[in-house]
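The listed protein sequences derive, respectively, from chains H, E, R and L. For the first sequence, the working numbering assigns the number 1 to the initial residue and increments by one for each residue that follows. For the second sequence, the working numbering assigns the number 1001 to the initial residue and increments by one for each residue that follows. For the third sequence, the working numbering assigns the number 2001 to the initial residue and increments by one for each residue that follows. For the fourth sequence, the working numbering assigns the number 3001 to the initial residue and increments by one for each residue that follows.
Please note that a few of the clues may not be correct.
[Unchecked claim] Under the rule of at most 30 Å between Cα atoms (straight-line distance), these lysine-lysine pairs were calculated in the DSBU-like manner:
| no. | chain 1 | residue 1 | chain 2 | residue 2 |
| --- | --- | --- | --- | --- |
| 1 | E | K1019 | L | K3031 |
| 2 | L | K3124 | R | K2317 |
| 3 | L | K3224 | L | K3138 |
| 4 | L | K3346 | L | K3224 |
| 5 | E | K1271 | L | K3023 |
| 6 | E | K1263 | L | K3030 |
| 7 | R | K2252 | L | K3124 |
| 8 | H | K31 | L | K3346 |
| 9 | E | K1263 | L | K3346 |
| 10 | E | K1271 | L | K3124 |
| 11 | R | K2005 | L | K3057 |
| 12 | L | K3024 | E | K1263 |
| 13 | E | K1270 | L | K3030 |
| 14 | L | K3138 | R | K2252 |
| 15 | L | K3224 | H | K86 |
| 16 | H | K86 | L | K3220 |
| 17 | L | K3138 | E | K1263 |
| 18 | E | K1263 | L | K3057 |
| 19 | E | K1270 | L | K3138 |
| 20 | E | K1019 | L | K3030 |
| 21 | L | K3065 | R | K2302 |
| 22 | E | K1271 | L | K3030 |
| 23 | L | K3023 | E | K1270 |
| 24 | H | K31 | L | K3224 |
| 25 | L | K3224 | E | K1270 |
| 26 | L | K3065 | R | K2003 |
| 27 | L | K3224 | R | K2317 |
| 28 | E | K1271 | L | K3031 |
FYI, nobody ran anything at the bench for these hints, they're computed from the structure.
Okay, here's what each chain looks like letter by letter:
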Amino acid sequence: MTPKLTRDEITTTVLRALGEIAPEADLAAIKPDVSFRDQLDIDSMDFLNFVIAVHEALHVEIPEADYPRMSSLNGCVEYLSALMEKA
Amino acid sequence: MHCFAEAGQPSLDRAHGLKLFHEMLRIRRFEEKTVELYSAGKIRGFLHLYIGEEAVAVGAIQALTPDDAIVATYREHGHSLVRGTPAGPLMAELYGKANGCSRGRGGSMHFFDAARRFYGGLAIVGGGLPVAVGLALADKLQGRARVTACFFGDGAVAEGEFHESLNLAALWKLPVLFLCENNLYAMGTALARHQAQTDITLKAKGDGVPGEAVDGMDVLAVEDAARRAVEIVRGEIRPYLIEFRTYRFRAHSMYDPELYRNKDEVEQWKKRDPIVTFEARLREDGLLADADRATIEAAVDAEIADAVAFAEAGPWEPVENLTRDVYTP
Amino acid sequence: MIKMKYREAVRAGLREALKSDPRVFLMGEDVGRYGGTYACSHGLLEEFGPERVRDTPLSESTFVGAGIGAALGGMRPIVEVMTVNFSLLALDQIVNNAATIRHMSGGQFSVPLIVRMATGAGRQVAAQHSHSLEGWYAHIPGIKVVPPATPADAKGMLLSALREPDPVFIFEHAMLYPMEGEIEDNAGPVDISTAAVRRPGTDVTLITFGGSLWKALEAADQLAASGIEAEVIDLRVLRPLDTPTILASVGKTHRAVVVDEAWRTGSFAAEISARIMEGAFYDLDAPVARVCSAEVPIPYPKHLEDAALPQAASIVKTVQEMLHG
Amino acid sequence: MAEFVMPSLGADMEAGTLVAWLKKPGEAVKKGDIIAEVETDKGIIEIESFMTGLLEKTLVEPMTKVPVGTALAIIREEGKPSAEPKSALPVSGAPPQPAVAPVSPTPPAPVTEPGRLRVSPSAKQLAAELGVDLILVKGTGPGGGISRADVEAAAAQARGERRGARIASAAGSAADRLLRMRQAIAAAMARSKREIPHYYVSTTIDMGKALSWLTEENLKRPMKDRLLYGVLLLKAVALALREVPELNALWKGNQVVRSDAIHVGVAISLRSGGLVAPALHDTDRQSLDDLMRNFRDLVTRARAGGLRSSELSDPTITVTSLGEQGVESVYAVIYPPQVAIVGFGKVVERPWVVDKQVVPRSVLTATLSADHRVSDGHRGGLFLAAVDRLLQEPERL
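For reference, chain H alone in the conformation it holds in the complex:
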């Protein structure tokens, strides 16, 4: 059973993972509903590393098919909190 995380905790985890692949990014200024690719200069390799970082931090399996649902901050939080509910 994965301990329930509040939405804020999920958000910080996601931002920290984002910071690892885009060290120069100003995480505070991330617009929650705009896709990461449009705000930050990240490519498919960066996105893969980002998803893996989230997976390691939250111990959740994210199928490749669900990647599109992780393309923005709000998307991530919605998807992950739902995912963790189920787990």
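Please arrange chains E, R and L on chain H, whose structure you already have, making use of the hints.
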């Protein structure tokens, strides 16, 4: 010039006599002033004084022409003065000033004067003899009737270079005048304690160089011997040696406690001070009166005072010139 | 520990040597009646007599050669050549006999000879009396070359040399004789094969020997004030050279400055620099620097002599240029 | 009136011990008289007066050691009033303090071969250990040389740590580094355009089979081992080069030098701007999983500034994929001394005729730029056809 009344006892021309006296006194006062300046720390390093041996340089150098050459040792203040290098550049050299006779680079042991063919203060014992042989060789090869006078101490006869140089000069018949200033001590070792054969003229004979021993405390005897020797060397183009038996009244250099000799030996020799004995001789012959003595003394004092002033005023060589005069720094 | 002047330490060594072994005798210019130019044999003539404390004529080649002969003949001579400047006249005996006889004779003969000489400049005695040539001697296979920088080494190295089968050349820097230092009450022989780290450090290694050690230590103190920790190595022995100690230090600090009072070109400092390049190339963070004498006959005036010789200030300047570019 | 001072009695004398006075205050003194005895390291020495006059008073007791120059007594010179005691001799100007003459002449400024890095052996060693790319390091050592401190600073900065090295000055700012890289790229591109006669060929490749095979494969793998399609492209290019080896070569000393090994360089854009193209060694022999792991490692380290310079130096061909940025086709410039470069565009949905039916298919455009001195369009075309064919059987890559 003075003429000979009969063999051996030259009657003395007044002017020449006063000149010899004046030259010896110049050296004596110059050296005395250097002692004072050394004690005051203005002159540093080593300082080897000529006090007591003045008659040798003064007498011998009279026999040389300006065209002849001199090679001397680290005890060469007197020789430089008599040869004609002004006292100012000599004193400045002792200070290490740039207006010294060697630009201040050499100090007491390394006076040089190209214009007067004075090839230095060479300070390694015996180091000057081979150089003198070479100068004479050059003269012979270029057909110049010149003499090279080489001054050295009794210590040098212990060096291989003494025998090697005399032999080569004799073998190749070179115009070298070897002048040994035997002051009985090689620094702290008496002649008899470092030479089995103490008669230096006999050593020279063994190497094929004729010679004679002369009382180095009698300036006239020195001059007479030197003139005869120069006749042989220049006339017959072959080497000759004179052993001047003389004595230094002060330590080998500044200073040593002189443990190697006793006081009364020094006192005995001081009784034969070349300046004191020659002054008495001049007065006996009516050639020197108190007035002359006073004028000479005043002239010497002035010369020495000017020399000190010249040295004091001299500039130090700028550090940027450190590697000047070095062919391949 | 007691305080003792360098020259007194040499005299203590000479006395102990003469007392400990009847085969030992001292020979050299003015070592007897005069008590030694630098007063190192003061009083020894009175104590041991003219047979064993022998004044020699100024015949360097011959009395060094005679020292070699006496050593071959079963004695243990200590020959004092007044200064390295006069030893040039004896170089033939040293290079062609002292250093060579064991090898040339197929190992039949050994030459247990000690030769001591003063070296170095700094007393305004001008070019012919101010040479630093210990590096020449360290070039010669067959002899040991030791420049003691402290009173303890000055005495100890002399005693250790007595037990060596072949010639040992001891170079005593003329400026060190009046220097006072600490020494054990009855200090005995010391090692004469390895270097010593006189001051540990991490940022640069100062490698030196003999008289220059004290300038290097002074420089190290000045550098410490500006946050640079210099390690100071006293080589103690030029031949054989303790290369491992040098390489270990350079491996740690990655920078080396060699201080040697000889002239730069062909100096012993050049040899040390070559060995560092050969043995610690990949540890080097900057070219090895050398602080040596300006290539000029040592001038008489103090300000020129000081400018010509290595000084603490020029060592500090060299290190700062090395670190800050 | 004059001071009688402790005289300097020898080259190495700094002080002396007054042993005894041989004249008492009030006694007359003549120039040259011995008035005292002093002990030095060499023994007892008699000291003379250089003045004639009256010994007024002594200032130092026997058996006291004083430095040279210390006043020992006052002598009133004959005929001179007892004025202020002055040193008997005029004082000449002190010699100039020697400016610290540069004892060791600085070595002549070394002429470094253009493009060759001036870096100390120890710094090169450290860079290898810390994985710092020397091209990105600004040298602060003498003559711009790179020192250990510069490497440490670069490594620290890459890790985002702000560890001020005690001695090292901070490495140049990021802007400097970017500028230097821009200059390096500019020089290479200009030379390429100047020297290499490029020709270009391109083709559109059906990616359908490859992408669906990839989805299947990724389901079987844990998250961090999932493959990106770029890896399939790299392997296809590598294998195709076995069929058209002249594209896998270098142009040196105006002749082509074939390379047995196939090291495909991958163009990676850096976060701060700029580009590097590190090599994947022996690309053709690596499994897809190896390729993915190495490719990921390369990208991560390149973006952390931690590439080993050896990885940069020996790609035999380069692949650039700007598909990420939504570009359909790429006409790239060859990296000298390589002789070819392959560009892959974005994967797009296009109407595609299969068995005379028009169906939607995922396709991308592959472009080859090649050096006409080494190969010609015909060979270039064969290469692209091979890549296309290989991508149709992804399971054999």
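Here is how each hint holds up against the structure:
no.: 1; hint: E:K1019 / L:K3031; in the structure: 25 Å, holds
no.: 2; hint: L:K3124 / R:K2317; in the structure: 26 Å, holds
no.: 3; hint: L:K3224 / L:K3138; in the structure: 35 Å, violated
no.: 4; hint: L:K3346 / L:K3224; in the structure: 24 Å, holds
no.: 5; hint: E:K1271 / L:K3023; in the structure: 24 Å, holds
no.: 6; hint: E:K1263 / L:K3030; in the structure: 20 Å, holds
no.: 7; hint: R:K2252 / L:K3124; in the structure: 16 Å, holds
no.: 8; hint: H:K31 / L:K3346; in the structure: 26 Å, holds
no.: 9; hint: E:K1263 / L:K3346; in the structure: 113 Å, violated
no.: 10; hint: E:K1271 / L:K3124; in the structure: 82 Å, violated
no.: 11; hint: R:K2005 / L:K3057; in the structure: 34 Å, violated
no.: 12; hint: L:K3024 / E:K1263; in the structure: 23 Å, holds
no.: 13; hint: E:K1270 / L:K3030; in the structure: 18 Å, holds
no.: 14; hint: L:K3138 / R:K2252; in the structure: 24 Å, holds
no.: 15; hint: L:K3224 / H:K86; in the structure: 22 Å, holds
no.: 16; hint: H:K86 / L:K3220; in the structure: 22 Å, holds
no.: 17; hint: L:K3138 / E:K1263; in the structure: 77 Å, violated
no.: 18; hint: E:K1263 / L:K3057; in the structure: 29 Å, holds
no.: 19; hint: E:K1270 / L:K3138; in the structure: 80 Å, violated
no.: 20; hint: E:K1019 / L:K3030; in the structure: 28 Å, holds
no.: 21; hint: L:K3065 / R:K2302; in the structure: 25 Å, holds
no.: 22; hint: E:K1271 / L:K3030; in the structure: 19 Å, holds
no.: 23; hint: L:K3023 / E:K1270; in the structure: 23 Å, holds
no.: 24; hint: H:K31 / L:K3224; in the structure: 27 Å, holds
no.: 25; hint: L:K3224 / E:K1270; in the structure: 109 Å, violated
no.: 26; hint: L:K3065 / R:K2003; in the structure: 17 Å, holds
no.: 27; hint: L:K3224 / R:K2317; in the structure: 55 Å, violated
no.: 28; hint: E:K1271 / L:K3031; in the structure: 19 Å, holds
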